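Asker: Taken in sequence, the protein lines are chains A and B. Sequential numbering from 1 applies to the first sequence in this note's numbering. Sequential numbering from 1 applies to the second sequence in this note's numbering.
Note that these hints are calculated values from the structure, not bench results. Predicted model only: the values in this text are computed from it and were never measured. There's no promise every hint is true.
Stated by the list, open to error - Listed below are several chain A residues computed to face chain B (Cβ distance under 7 Å; list not exhaustive):
| no. | residue |
| --- | --- |
| 1 | ILE101 |
| 2 | ALA243 |
| 3 | ASP378 |
| 4 | ALA414 |
For each residue, glycine too, the CB sits at the ideal point set by N, CA and C.
Number of protein chains: 2
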Amino acid sequence: MMDSIIKTLRQAIGDEAILEAADIAERATSYWDSAPMRGKALALPRNTDEVATVLQTCHAAGQSVVTQGGLTNAVTAAKPNDDDVILSLEKMNRVIEIDAIGSLAVVEAGAVLQNVQDVVDEAGLRFPLDLGARGSCTIGGNIATNAGGINVLRYGMIRDLVLGLEAVLADGTVLSSMNRMLKNNAGYDLKQLFIGTEGTLGVVTRAVVRLFPRPSTRHTAFVALDDFEHVQALLVLLREQLADSLSAFEILWQDYYRFVTTVGGHRAPLSPEHPFYVVFESEGNDAALDEQRFTHVLTTAFDNGLIDDAVIPKSDNERNAIWEIRENFESILECDPVYLYDVSLPVGEMATYVDTIKGNIKARWPNGECYTMGHVADGNLHPFVCPNEPVDGKAISDALVYEPLRAIGGSVSAEHGIGMDKKDWLDQSRSDAEVALMRTLKSTLDPQGILNPGQVL
Amino acid sequence: MMDSIIKTLRQAIGDEAILEAADIAERATSYWDSAPMRGKALALPRNTDEVATVLQTCHAAGQSVVTQGGLTNAVTAAKPNDDDVILSLEKMNRVIEIDAIGSLAVVEAGAVLQNVQDVVDEAGLRFPLDLGARGSCTIGGNIATNAGGINVLRYGMIRDLVLGLEAVLADGTVLSSMNRMLKNNAGYDLKQLFIGTEGTLGVVTRAVVRLFPRPSTRHTAFVALDDFEHVQALLVLLREQLADSLSAFEILWQDYYRFVTTVGGHRAPLSPEHPFYVVFESEGNDAALDEQRFTHVLTTAFDNGLIDDAVIPKSDNERNAIWEIRENFESILECDPVYLYDVSLPVGEMATYVDTIKGNIKARWPNGECYTMGHVADGNLHPFVCPNEPVDGKAISDALVYEPLRAIGGSVSAEHGIGMDKKDWLDQSRSDAEVALMRTLKSTLDPQGILNPGQVL
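Bound conformation, chain A alone (with noise of 0.2 Å):
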């Protein structure tokens, strides 16, 4: 059967849009994998109706399907065996339209997010999902893992940018439901479940995504606090006093601000004597208010005694120099081993959080860090776990970061899904009714179960 599959495909979509094995050993495995690729073949369909092909080749013969975007993600959600055939959307890359009055994109989901994000921006416009993968990560990465970022706060994660999109189901059928209005409440919303369902219930091709006007005005601060209070107090005032202009309300632990500064070679802006760091921005398009608006809002937070020092970069070097310390931790990740979580929780249930699993870690290995920062006001952290042991120990630390949300209503997963990785933790999080329903979906979408198998359910 398996040279069957690869005939089959070749005939249907070109020799020249199918790689066996061989080839494929040429690509690492993702971003953090860099071990050589597995798959029986790997498909690079150029439009829908040959993902549409694939799919349904793959599904009259029973054959797995790992669908493949940047390679980015962070639970192991793309990661095929020998046995899988892959379709990798890297040729289906383009922005095919923007409409100004609209505000909108139509995209393809091979498209890369930076390279989304100039294309509109050189329209006057803005497309405002933003993460440190932008690089290399996909639209229809971002979507399927429903993606979030820097200006959730602001703007919402993908599911709140998505118009309308195109996928196609695990047996072929082309679901298309481009819609480019903010409202449309005609019939049951399906794009839902392509969105944040990882790839599991079909296969997004194209999307319709909302655009904003560009800022022309862009304020930074980076600021220490001393205490977990002061940073509640002062996302509240950031939230009165700039409204929605309030971009970014980004938190650094102190740990974390010090080993970035020190091992990870970034310049220090403010002394590291501080509990907490926050770095936030807002943004607009009056330069005269909008820089009023911004320092009678940091005087308050003074003279409030929210704040306890701050810097305000001078230029997009000084800024791009701040943004690095929050956004750059290479040097964490050289740590061997080192456990990057993405857990969601009540803000207020943080700072005790933090502590927990600190002294958790502390306790199992006692020359152990747990770095966190993290985006306050989406109530996502990101602890990093490095045991400074040499151990096989993420599933001792899975369990000291995922436990403690228990009793919080806390999530294993904010926004990087759950792809292999969390599977064993998916029931701490989601009730046996909810588990249940999702296989449900999952059997009458795929009733095969060719879609990423293994992966989320």
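Chain A is fixed; fit chain B onto it per the hints.
Answerer: Below, chain B without anything else, positioned relative to chain A:
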């Protein structure tokens, strides 16, 4: 079997929680239809367990169930027959919790929207969903129909405001997804199955909804414009300059404005000679800066020739009088017959579309009129068709209004839903593959078809 169901329900949740036909008939069918309500029994559960019991009982007996909220929907979506059990959530009307730090409220499905708004306001926060039916409609109904309203531009439809929800499936299974975080990608986002599906896949019983800072400033303008290009350009300008503080941008066509300020008796703050009128608002929390910003953008709009005339209300009374022009269209509803629509379409197509349907109506009914207003920024218009002759013209009017949407990718329902009224037109806005998948979901989640039978599909 009829008696047996009533008896079983009485035993299960108490005599006082079950009304029978005579008592049911004392209620009006809906806000739009004063005929006595019909139904076999009306259940008034006091909590989720009782909802589950009612559904379990009805499921076991193959008994149809029509779920009711505030009965304000405009698409005949909650109208029972003599054979239906009615499930009213009116006893489940509490605001259970307001969490200021988490910026969320936990509410029961039967809570009346205005009551939720008021309770949240007393807590110093804001629940931004707002629509004309606020005094009667319920959160459960808002969720089931994915309600929009006048603040969608800034805050989105209720889909964007629901963090978590609890629903009871057709067989009585309680599905609790009461997530409190902005981000939670742990598995499929099941709540989407119950938002905008008009009670056909489950009954919403509770929800966690997002709250926002309560703005302390509000600036309103009522302006006249000479062509639709200017309406679009004004929207672009306001979006750029006011960013997300722009909270409303509502359009009135001249014929709508003339009718409600003459027959309708509203005072006309601007001369009725202009083709278009727009009411727009911004909200913020800085009295001095917000006023400066608003005045500045209004001046720019004048200087750029976008606006021909403007009125700025000087008091809450004046502001309310302007909003009455937009929201109080009782005088149009007194036309007999009158057909109210809720379409969405690309903004760039609006002017031509409205001209087209007005032409169609005049061609069919020489004295006929089409009064149009709506939410431009959301792509959503509400035309009112008055044949001005004694005809049973709904089917004809539907065709005149809906047919022209086909070529421009519009939707027959922007926010009201499909209900029973628009079923025949669903396939105009959605493809065969989409409708087939909706049917698959319906038969998977409600295999006996007991929930709101005959609605949507």
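Asker: Run the structure past the numbered hints and jot down the numbers of the failing ones, going up.
Answerer: none
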